[in-house]
Amino acid sequence: MAARGLLLKHLRVQVQAVPQNPSSTGSLLLSSFHALRRRFFSEEVRGSFLDKSEVTDRVISVVKNFQKVDPAKVTPIAHFQNDLGLDSLDAVELVMALEEEFRFEIPDNEADKISSISLAVDFIASHPQAKREHSVVIGLTLPWLMLRKWTDDGVQYLRRGGATL
Amino acid sequence: MASASAPTRSEVLSLFRSLLRTAREFSDYNIREYAKRRTVDAFRDKRSLSDLSAVSAAFSDGKSQLEVARRQAIVYQLYSPKVKSVMDVKPPRHA
Numbered sequence: 001m002a003a004r005g006l007l008l009k010h011l012r013v014q015v016q017a018v019p020q021n022p023s024s025t026g027s028l029l030l031s032s033f034h035a036l037r038r039r040f041f042s043e044e045v046r047g048s049f050l051d052k053s054e055v056t057d058r059v060i061s062v063v064k065n066f067q068k069v070d071p072a073k074v075t076p077i078a079h080f081q082n083d084l085g086l087d088s089l090d091a092v093e094l095v096m097a098l099e100e101e102f103r104f105e106i107p108d109n110e111a112d113k114i115s116s117i118s119l120a121v122d123f124i125a126s127h128p129q130a131k132r133e134h135s136v137v138i139g140l141t142l143p144w145l146m147l148r149k150w151t152d153d154g155v156q157y158l159r160r161g162g163a164t165l
Numbered sequence: 001m002a003s004a005s006a007p008t009r010s011e012v013l014s015l016f017r018s019l020l021r022t023a024r025e026f027s028d029y030n031i032r033e034y035a036k037r038r039t040v041d042a043f044r045d046k047r048s049l050s051d052l053s054a055v056s057a058a059f060s061d062g063k064s065q066l067e068v069a070r071r072q073a074i075v076y077q078l079y080s081p082k083v084k085s086v087m088d089v090k091p092p093r094h095a
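Line order of the protein sequences matches chains A and B. Per UniProt numbering, the very first residue in the first sequence carries number 1; after that it's consecutive. Per UniProt numbering, the very first residue in the second sequence carries number 1; after that it's consecutive.
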């Protein structure tokens, strides 16, 4: 018993309190980083409204790519049924294609009301969850992920007490 | 046939939309595209039906197919292919 106690005492790891804020400049830097992170994160969750001209361009390109539509007839104010000669089934398909392009879900009652390009643009531009194009998203997200990695590394480094700030 | 009354226009469009939404959930490209194609073709095919009992029969058939599709979408998610279909790899749009 005595030998076991001695052994355990020998094996005990020395724990020292790590100072949370190594220095005042360090904490200032960190808090501003954290504020930035929170800001970016809330932006991400809340979503943001897309520019109307961008929405118009993307809606028009989706409509032009729809197989039953004559691309020459597509204008920013074209009506699906009257101008483009689409029926109600086509209109549903087109709205689904718009959902895929903007990566958000349009509820049924709203989708039923979308019967022209201008109505589609208005709805999408007023919807906070409509997403940017993939390439733009990657362009914005990648630097943000890198920044986050660096910040985390920095925090870890300071926590370990290796900082001489 | 249990339901005697004909479905309304918005009910039919809602069923169409639900089937297309469910079709999107299949992770395998071939099955996803098949489900979409099958939905669109069936609705186009039955578009000109005017007989009341034929319309409600087609509608309830569509509803049961929707249940099947929902169930299968879940089953296929459990056994989704590990490699993406080459058709799923999108070429850069502006290149």
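Source of the hints: derived by calculation from the structure; they are not laboratory data. Errors might be hidden in some of the hints.
Among the chain B residues that face chain A by a calculated CB cut under 7 Å, a handful are [unchecked claim]: (1) 14; (2) 15; (3) 16; (4) 43; (5) 46.
Only pairs whose alpha carbons sit at most 30 Å apart, straight line, appear in this in silico DSBU-like list of lysine-lysine [what the hints assert, rightly or not]: (6) A:131 / B:46; (7) A:68 / A:52; (8) B:46 / B:82; (9) A:113 / B:84; (10) B:36 / A:131; (11) B:46 / B:90; (12) A:64 / A:131; (13) A:113 / B:46; (14) A:131 / A:73; (15) B:84 / A:149; (16) B:90 / A:73; (17) A:68 / B:82; (18) B:82 / A:64.
Being a predicted model, the structure only gives us computed values, none of them experimental. Glycine included, C-beta positions come from ideal geometry on N, C-alpha and C.
How the hints compare with the structure:
1. 14: 6 Å, holds
2. 15: 10 Å, violated
3. 16: Result: holds, 6 Å to nearest chain A Cβ.
4. 43: Because about 6 Å separates residue 43 of chain B from the closest Cβ in chain A, which is inside the 7 Å limit, the hint holds.
5. 46: Since the shortest Cβ distance to chain A is 11 Å, the answer is violated.
6. A:131 / B:46: Status violated; Cα separation ~35 Å.
7. A:68 / A:52: Satisfied, since the Cα-Cα distance of roughly 25 Å is no more than 30 Å.
8. B:46 / B:82: 37 Å, violated
9. A:113 / B:84: The given pair, whose Cα atoms are some 36 Å apart, is violated under the 30 Å limit.
10. B:36 / A:131: 24 Å, holds
11. B:46 / B:90: 33 Å, violated
12. A:64 / A:131: This hinted pair holds, its Cα atoms lying about 20 Å apart.
13. A:113 / B:46: Holds, at about 24 Å.
14. A:131 / A:73: 27 Å, holds
15. B:84 / A:149: 29 Å, holds
16. B:90 / A:73: The hint holds at about 27 Å.
17. A:68 / B:82: 34 Å, violated
18. B:82 / A:64: 33 Å, violated
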